[in-house]
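Engineer: Single-letter residue listing:
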Amino acid sequence: MGKLMIVNGSPRAVKSNSKNYIEILKKNINKDIEEYNAISKKIDLFISKLNSCSDLLLVFPLYADGLPVTLMRFLKELENAKLTQKIKVHVLINCGFVEPEQNNVAVEMIKLFCKKNHFDFGSVLRIASGEAILKTPFAFIAKWNIKKLCKSIEKEKQVNIKCTMPISKKTFIKASTNYWIKYGQKNNITKEQMDTMKIEDI
Amino acid sequence: MNLLMSDISLNITLKDDNKYVDLSKLKIANCVGCFGCWTKTPGKCVIRDDATKVYPLIAHSQKIIYVSRLYLGSYDITMKTMLERAIPTQKAFIRLHNGETHHYQRNVLEKDAVIIAYGDISEKEQKIFKKLVERNANNMCFKDWKIYFVKEQDVEKTVIAEVNKWEN
Ligand SMILES: Cc1cc2nc3c(=O)[nH]c(=O)nc-3n(C[C@H](O)[C@H](O)[C@H](O)COP(=O)(O)O)c2cc1C
Numbered sequence: 001m002g003k004l005m006i007v008n009g010s011p012r013a014v015k016s017n018s019k020n021y022i023e024i025l026k027k028n029i030n031k032d033i034e035e036y037n038a039i040s041k042k043i044d045l046f047i048s049k050l051n052s053c054s055d056l057l058l059v060f061p062l063y064a065d066g067l068p069v070t071l072m073r074f075l076k077e078l079e080n081a082k083l084t085q086k087i088k089v090h091v092l093i094n095c096g097f098v099e100p101e102q103n104n105v106a107v108e109m110i111k112l113f114c115k116k117n118h119f120d121f122g123s124v125l126r127i128a129s130g131e132a133i134l135k136t137p138f139a140f141i142a143k144w145n146i147k148k149l150c151k152s153i154e155k156e157k158q159v160n161i162k163c164t165m166p167i168s169k170k171t172f173i174k175a176s177t178n179y180w181i182k183y184g185q186k187n188n189i190t191k192e193q194m195d196t197m198k199i200e201d202i
Numbered sequence: 001m002n003l004l005m006s007d008i009s010l011n012i013t014l015k016d017d018n019k020y021v022d023l024s025k026l027k028i029a030n031c032v033g034c035f036g037c038w039t040k041t042p043g044k045c046v047i048r049d050d051a052t053k054v055y056p057l058i059a060h061s062q063k064i065i066y067v068s069r070l071y072l073g074s075y076d077i078t079m080k081t082m083l084e085r086a087i088p089t090q091k092a093f094i095r096l097h098n099g100e101t102h103h104y105q106r107n108v109l110e111k112d113a114v115i116i117a118y119g120d121i122s123e124k125e126q127k128i129f130k131k132l133v134e135r136n137a138n139n140m141c142f143k144d145w146k147i148y149f150v151k152e153q154d155v156e157k158t159v160i161a162e163v164n165k166w167e168n
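Those protein sequence lines, which keep their order, are chains A and B. Residues 1 to 202 (this note's numbering) are what the first sequence spells out, left to right. Residues 1 to 168 (this note's numbering) are what the second sequence spells out, left to right.
The set of hints was computed from the structure by calculation and includes no laboratory data. Any given hint might turn out to be false.
Distance condition first, Cα-Cα at most 25 Å in a straight line; then the derived PhoX-like pairs of lysine-lysine [unchecked claim]:
| # | chain 1 | residue 1 | chain 2 | residue 2 |
| --- | --- | --- | --- | --- |
| 1 | B | 27 | A | 198 |
| 2 | A | 3 | A | 143 |
| 3 | A | 19 | A | 147 |
| 4 | A | 88 | A | 143 |
| 5 | B | 27 | A | 41 |
| 6 | A | 162 | B | 124 |
| 7 | A | 88 | B | 127 |
| 8 | A | 174 | A | 162 |
| 9 | A | 19 | B | 53 |
| 10 | A | 198 | B | 63 |
| 11 | A | 76 | B | 130 |
| 12 | A | 19 | A | 182 |
| 13 | B | 40 | A | 15 |
| 14 | A | 26 | A | 143 |
| 15 | B | 130 | A | 182 |
| 16 | A | 157 | A | 174 |
| 17 | A | 198 | B | 53 |
| 18 | B | 44 | A | 15 |
| 19 | A | 155 | A | 191 |
| 20 | B | 127 | A | 116 |
| 21 | B | 130 | A | 198 |
| 22 | B | 25 | B | 63 |
| 23 | A | 86 | B | 124 |
| 24 | B | 40 | A | 191 |
| 25 | A | 115 | B | 127 |
| 26 | A | 186 | B | 44 |
| 27 | A | 174 | B | 40 |
| 28 | B | 124 | A | 88 |
| 29 | A | 76 | B | 127 |
| 30 | A | 162 | B | 131 |
| 31 | A | 115 | B | 130 |
| 32 | A | 155 | A | 86 |
| 33 | A | 191 | B | 19 |
| 34 | A | 198 | B | 40 |
| 35 | A | 26 | A | 151 |
| 36 | A | 155 | A | 111 |
| 37 | A | 86 | A | 49 |
| 38 | B | 151 | A | 76 |
Please build the complete structure, drawing on both the sequences and the hints.
Structural biologist: Quick look at the structure:
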């Protein structure tokens, strides 16, 4: 079994939640790894490294119900690359809302990418409340699921799993409201200012 | 007002206060996920490029027509870049909407959407795109939508037929 290439498809790469999920993953996987940030645009270097790997894990956020543009650009480059071996693609997607199912369409897009370009499709982990979960007492749930994803990649046993914070939607909304109010406060912006109905002053 | 927004140049003139946005002529960087439009300058993107002229038009339209090539069952990069940059039209705050968590909208009109997706689009890809538009409807205030899948050479006549419906 070859190495695992981990691609961070978030435009926030170094400061992303995806990055935090990758850090947990790295602690739990018994496989040599390579890493790449899709925003770095060093595709030739990436391809040469990918050619020493058997598995590719795409880690990215849900953007407007689909793939972030940063990842789409990367996938287009990957389509044109000359690969010397068959590679299996796995997905670790996270979204801001509380329902993991909101990620499903984006996963379908990656499956279509694999079909179109003759990649094998492997395992999927869909994390919801992905902006918050690691900063809460429920971080262990995300960690536990990432471990499961690691096992499935190592053992070549396909899984399609999901997780979120085990709280009601009402509680989630309350907690997220407080989170955003605090976020604004750090920038000296009040809740009322954040609540503006105006878009570009109109 | 109504808005026609496309990722290719169309030979078309609109009447009244209807607007045509040709994304292929604009300079629009991709969203970097900084949340400045929610927490620093609410309602305004901190990247001051052409997108800042477009998302208010999206928000204030009652009818929209989007014209886009597809990639993997998604809007291709040009259109998707603009749609990602439109999040200043939403607030950071979350509500229940159609049984799911979604953001509150700012001053965004509910709208009828027509989406003209062009290219060589497989059945599988159509199916994914339909699901995407259905999901987008929750976040983009679509009350109704219609999707056309057409070949590139048929884009213009499909657009003209749809624009004519605005004027009747
Ligand atoms: C432009 C933009 C669009 C987004 N669209 C969605 C969405 O449609 N659904 C959702 O649940 N979260 C959405 N999010 C939230 C992100 O998925 C969430 O913040 C995620 O944790 C970001 O991960 P990252 O830090 O790895 O980039 C969006 C965020 C941005 C900036």
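Engineer: Give a verdict on every hint.
Structural biologist: Structure-based check of each hint:
{"no.": "1", "hint": "B:27 with A:198", "verdict": "holds, 23 Å"}
{"no.": "2", "hint": "A:3 with A:143", "verdict": "holds, 22 Å"}
{"no.": "3", "hint": "A:19 with A:147", "verdict": "holds, 16 Å"}
{"no.": "4", "hint": "A:88 with A:143", "verdict": "holds, 23 Å"}
{"no.": "5", "hint": "B:27 with A:41", "verdict": "holds, 20 Å"}
{"no.": "6", "hint": "A:162 with B:124", "verdict": "holds, 24 Å"}
{"no.": "7", "hint": "A:88 with B:127", "verdict": "holds, 24 Å"}
{"no.": "8", "hint": "A:174 with A:162", "verdict": "holds, 23 Å"}
{"no.": "9", "hint": "A:19 with B:53", "verdict": "violated, 32 Å"}
{"no.": "10", "hint": "A:198 with B:63", "verdict": "holds, 20 Å"}
{"no.": "11", "hint": "A:76 with B:130", "verdict": "holds, 22 Å"}
{"no.": "12", "hint": "A:19 with A:182", "verdict": "holds, 23 Å"}
{"no.": "13", "hint": "B:40 with A:15", "verdict": "holds, 18 Å"}
{"no.": "14", "hint": "A:26 with A:143", "verdict": "holds, 11 Å"}
{"no.": "15", "hint": "B:130 with A:182", "verdict": "violated, 37 Å"}
{"no.": "16", "hint": "A:157 with A:174", "verdict": "violated, 38 Å"}
{"no.": "17", "hint": "A:198 with B:53", "verdict": "holds, 14 Å"}
{"no.": "18", "hint": "B:44 with A:15", "verdict": "holds, 22 Å"}
{"no.": "19", "hint": "A:155 with A:191", "verdict": "violated, 48 Å"}
{"no.": "20", "hint": "B:127 with A:116", "verdict": "holds, 15 Å"}
{"no.": "21", "hint": "B:130 with A:198", "verdict": "violated, 31 Å"}
{"no.": "22", "hint": "B:25 with B:63", "verdict": "holds, 22 Å"}
{"no.": "23", "hint": "A:86 with B:124", "verdict": "holds, 23 Å"}
{"no.": "24", "hint": "B:40 with A:191", "verdict": "holds, 11 Å"}
{"no.": "25", "hint": "A:115 with B:127", "verdict": "holds, 15 Å"}
{"no.": "26", "hint": "A:186 with B:44", "verdict": "holds, 18 Å"}
{"no.": "27", "hint": "A:174 with B:40", "verdict": "holds, 21 Å"}
{"no.": "28", "hint": "B:124 with A:88", "verdict": "holds, 21 Å"}
{"no.": "29", "hint": "A:76 with B:127", "verdict": "holds, 21 Å"}
{"no.": "30", "hint": "A:162 with B:131", "verdict": "holds, 19 Å"}
{"no.": "31", "hint": "A:115 with B:130", "verdict": "holds, 19 Å"}
{"no.": "32", "hint": "A:155 with A:86", "verdict": "holds, 17 Å"}
{"no.": "33", "hint": "A:191 with B:19", "verdict": "violated, 33 Å"}
{"no.": "34", "hint": "A:198 with B:40", "verdict": "holds, 14 Å"}
{"no.": "35", "hint": "A:26 with A:151", "verdict": "holds, 12 Å"}
{"no.": "36", "hint": "A:155 with A:111", "verdict": "holds, 20 Å"}
{"no.": "37", "hint": "A:86 with A:49", "verdict": "holds, 14 Å"}
{"no.": "38", "hint": "B:151 with A:76", "verdict": "holds, 21 Å"}
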